[in-house]
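Undergrad: Protein sequences appear in the order of chains X and W. Counting the first sequence from 1 gives a position; this note's numbering is that position plus 380. Counting the second sequence from 1 gives a position; this note's numbering is that position plus 380.
These are computed hints drawn from the structure, not numbers from a lab. The structure displayed is predicted, hence computed values, not measured ones. Accuracy of the hints is not assured; some may be wrong.
For identical chains, the list gives no copy identity; a pair is met inside one copy or between any two copies.
[What the hints assert, rightly or not] Pairs of lysine to any residue, SDA-like flavour, derived with a Cα cap of 20 Å:
| id | residue 1 | residue 2 |
| --- | --- | --- |
| 1 | LYS591 | ASP481 |
| 2 | LYS444 | GLY461 |
| 3 | LYS444 | ASP548 |
| 4 | LYS444 | ALA550 |
| 5 | LYS444 | PRO551 |
| 6 | LYS492 | ARG383 |
Number of protein chains: 2
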Amino acid sequence: MIRALLFDVFGTLVDWRSGIAREARTILEPSGIAIDWSAFADAWRGEYQPSMEEVRAGRIPFSKLDVLHRRNLDRVLERFGLARVDAATRAELNLAWHRLDPWPDVVPGLHKLRERFRLAPCSNGNISLMADLARRNDFRWDAIVGAELARDYKPKPSVYLAAAAAFDCAPGEAMMVAAHSGDLAAAAAAGLRTAFIARPDEAGPGTGERKASVPVDVSANGLVELAQRLEAA
Amino acid sequence: MIRALLFDVFGTLVDWRSGIAREARTILEPSGIAIDWSAFADAWRGEYQPSMEEVRAGRIPFSKLDVLHRRNLDRVLERFGLARVDAATRAELNLAWHRLDPWPDVVPGLHKLRERFRLAPCSNGNISLMADLARRNDFRWDAIVGAELARDYKPKPSVYLAAAAAFDCAPGEAMMVAAHSGDLAAAAAAGLRTAFIARPDEAGPGTGERKASVPVDVSANGLVELAQRLEAA
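Model the full assembly from the supplied sequences, consistent with the hints where possible.
TA: Spelled out as structure tokens, the structure:
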């Protein structure tokens, strides 16, 4: 029996690409900066996995994602010829990740799923980032679990196991919900149930996964459909 | 400027004594058990600090409060001559702490405070216990911080500091709200701001603190009054 649903957030619940492009433009364009804002979002997101790998591999101590994002931002601004952007603007821009919009099915889907399950983000994003997204978008979480609780990054098994344990769940009583097969494969290897959510346009048309490339317990096109499938199960 | 309010829970927000007495009676009385239910609640609560001290002193690894409560329950049942209570009943009874009622000012007070501040429990209770109390009583938290995040127990400074850091607050940007001077003294020593809430009848008439015995930033008779005082400040 599944008791808790644990959600990946970036890409699965919120549209990071258009949100980061919008925020970057809003913050930088008034200074006369004109770049390809979507390419900027992609470049920043491109530094995400390598920066977490430093922590996962034990080369640097655990640092929350806001800190990694900030270091990655310096690198990306340099690459876009924007080394002149000052520290205060960089700090403000770094909070762009706290101001992303959900895909349209997310709020009604979570509302429905909340009737039967404990709900929590199990993201690599830090607690304040998850709390800000929740306030902005009216996500009603039972708790915020994930990287900052486990002090390591997905797909390390400890992150999934700490998340399930926080809800007093055996791994098989918790279900990881994500748009990324790698995340789900790691959760399944740790003993969790898995639900794949198709976000085929995650980083622009046709860039996301249409189907899971690994075995999963449930697949759905969004959270409203996930609620229906779990209801039927 | 205060950005986050961190709440003690047992005694400050919820009435543990009458809740534990009620739950124990509901669960045990059908088996013909007749004891002083309030005395049973007091005895169970009496084991709380000594059991956490084992963790704080490093004599046992961090164990969440549900685990400590369960061990303490065995000891207390023995003392009340109830060694015959079976394991399934003990497990059910242990969840009594997840089913406590708030003092009457708590829900309206939190609702008002939520307009201006990030809100989180900073309790020695574990995440699932806090999540169950929140569901039951409609506490809308931004996150659940406290002992399970810090993997140690209050009044250790790391618990307060991890709670503030989770909200990206310097210690002085977070305020600990509690009905116990010891909790507030430890939070202040860690650099947090402090608010004392009077719960003079916490463990029965006249048993609680009427006034803080240490310097605090604010004192109030309940959370509605706290909201008014912080509004005025």
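Undergrad: Now look at each hint and say whether the structure bears it out.
TA: Do the hints match the structure? See the list:
1. LYS591 to ASP481: neither (23 Å within a copy, 46 Å between copies)
2. LYS444 to GLY461: neither (27 Å within a copy, 50 Å between copies)
3. LYS444 to ASP548: between (25 Å within a copy, 10 Å between copies)
4. LYS444 to ALA550: Between. Shortest inter-copy distance 15 Å satisfies the 20 Å Cα cut-off; intra-copy 26 Å does not.
5. LYS444 to PRO551: For LYS444 and PRO551, the Cα distance is within 20 Å only across copies (17 Å; inside one copy 25 Å).
6. LYS492 to ARG383: within (14 Å within a copy, 31 Å between copies)
Consistency note: the structure conflicts with the earlier hints numbered 1, 2.
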